[in-house]
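Student: Sequence:
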Amino acid sequence: MLTLAARVDRRGLARLAIYLVVVWAIGIVWCLGRVRADVDEALLGLGADLARLDRGALLSSEVLQLNGARLRITTAMHDASLEDVLDGADARCRERDGRLEEQLQETLGREGEALSPVVRAQGETRGYVACFGMRMEMTPESVALLAQRFLDTGDLTAIGTLHYVYARASETGTHVVTVESAGPVRPLEMFPAEGDAPGADPTIVSRPAGLRRLLSASVEARPYGIAAYSVTRDADDVLDEYRADLARRGWNEHTHAAWSDARGEGSIVAERDGAVVAVIASRDEAGEIAIAVLTTPTNEQEVSP
1 MLTLAARVDR RGLARLAIYL VVVWAIGIVW CLGRVRADVD EALLGLGADL
51 ARLDRGALLS SEVLQLNGAR LRITTAMHDA SLEDVLDGAD ARCRERDGRL
101 EEQLQETLGR EGEALSPVVR AQGETRGYVA CFGMRMEMTP ESVALLAQRF
151 LDTGDLTAIG TLHYVYARAS ETGTHVVTVE SAGPVRPLEM FPAEGDAPGA
201 DPTIVSRPAG LRRLLSASVE ARPYGIAAYS VTRDADDVLD EYRADLARRG
251 WNEHTHAAWS DARGEGSIVA ERDGAVVAVI ASRDEAGEIA IAVLTTPTNE
301 QEVSP
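Residue numbering for the sequence shown follows the UniProt record's numbering, beginning at 1 and increasing consecutively.
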């Protein structure tokens, strides 16, 4: 099979490399933007749970299964401010970019700045930084090589390592959740255009008909998890099915203000033997309804905003 690099002569390789750098950067930003809302929901919830396990310097190191991909999660408490933590993560990302950002700016000028491979968002109390650590310095030859690897495998880790740092300020310091890829990350497989996303449904409650799985996240060897679905039926009917199934399985429903849904579509919180399951319906700006099912082993719920 002809490789991507072999299909063009060396004189055309530089021009192709510039094109690939631009397309590649756009693709990275697009992929992160497309999955960011789902990843945020999973990591904000699971990260908050993991950060409460201990108050030591190193709190835990876990492996998260997210739509079939394995991600290493480490949680810690830092004395540094939220701004300093995110600045440090941002700087480390830029050190690992294989001079991609520099080449984008050299090639595109100010327009290249908007295509930074580092994605960052920050509010008053929390924020995150996401990027890829490139496997080699970006040259015309290496860009073509890595692009070919990605085209052959669909795996983003053929390009580099995914890094995601979430931080939340608290009275005792800054809670930090660091996520790195621990195996292949194939976004087109993780987020298919139709059909269920890879992963599994929670085993503690049956899945009603008419739901398409969009997100499946769980912590290996721990009973933490979240599954999110798009719904083609009336949300109240779906919630009623969940409610009846939970009751049959011995779960006791109760009211918990922290889990109530701001959009008013409805929610269920049930408890059994110290474990808690929450089923939450929400409506997006387009009017489409989604169902999220969250499971946690503790009955001491503190849902962080």
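It should be emphasised that the hints constitute simulated quantities derived from the structure, not laboratory data. Think of the CB as a built atom: it goes at the ideal place given N, C-alpha and C, for glycine as much as any other residue. A couple of the hints might just be wrong.
What the hints assert, rightly or not - What follows is a list of derived Cβ distance ranges for each label pair:
1. Ser206 with Ala80: 19 to 27 Å
2. Ala244 with Ala193: 29 to 37 Å
3. Arg72 with Pro192: 50 to 58 Å
4. Arg272 with Ala235: 20 to 28 Å
5. Ala200 with Glu180: 40 to 48 Å
6. Arg94 with Thr74: 17 to 25 Å
7. Asp240 with Ser170: 37 to 45 Å
8. Asp273 with Ser170: 28 to 36 Å
9. Glu220 with Glu141: 36 to 44 Å
10. Glu253 with Ala80: 38 to 46 Å
Student: Hint by hint, say whether it matches the structure.
Tutor: Hint by hint, here is what the structure shows:
1. Taking 19 to 27 Å as the suggested C-beta distance range, the pair serine 206 and alanine 80 does not conform, at roughly 45 Å.
2. Range check, alanine 244 to alanine 193: about 32 Å between beta-carbon atoms, so the 29 to 37 Å window is met.
3. At roughly 24 Å, the beta-carbon separation of arginine 72 and proline 192 lies outside the given 50 to 58 Å, and the hint is violated.
4. Distance hint check: the CB atoms of arginine 272 and alanine 235 are about 24 Å apart, consistent with the given range 20 to 28 Å.
5. For alanine 200 and glutamate 180, the hinted distance range of 40 to 48 Å is not satisfied, since their beta carbons lie about 23 Å from each other.
6. Distance hint check: the CB atoms of arginine 94 and threonine 74 are about 21 Å apart, consistent with the given range 17 to 25 Å.
7. Checked against the hint of 37 to 45 Å, the C-beta distance between aspartate 240 and serine 170 comes to roughly 38 Å, which is consistent with it.
8. Between aspartate 273 and serine 170 the CB atoms are about 30 Å apart, so this pair conforms to the stated range of 28 to 36 Å.
9. Range check, glutamate 220 to glutamate 141: Cβ separation about 38 Å, and the 36 to 44 Å hint holds.
10. Checked against the given bound of 38 to 46 Å, the beta carbons of glutamate 253 and alanine 80, roughly 42 Å apart, stay inside it.
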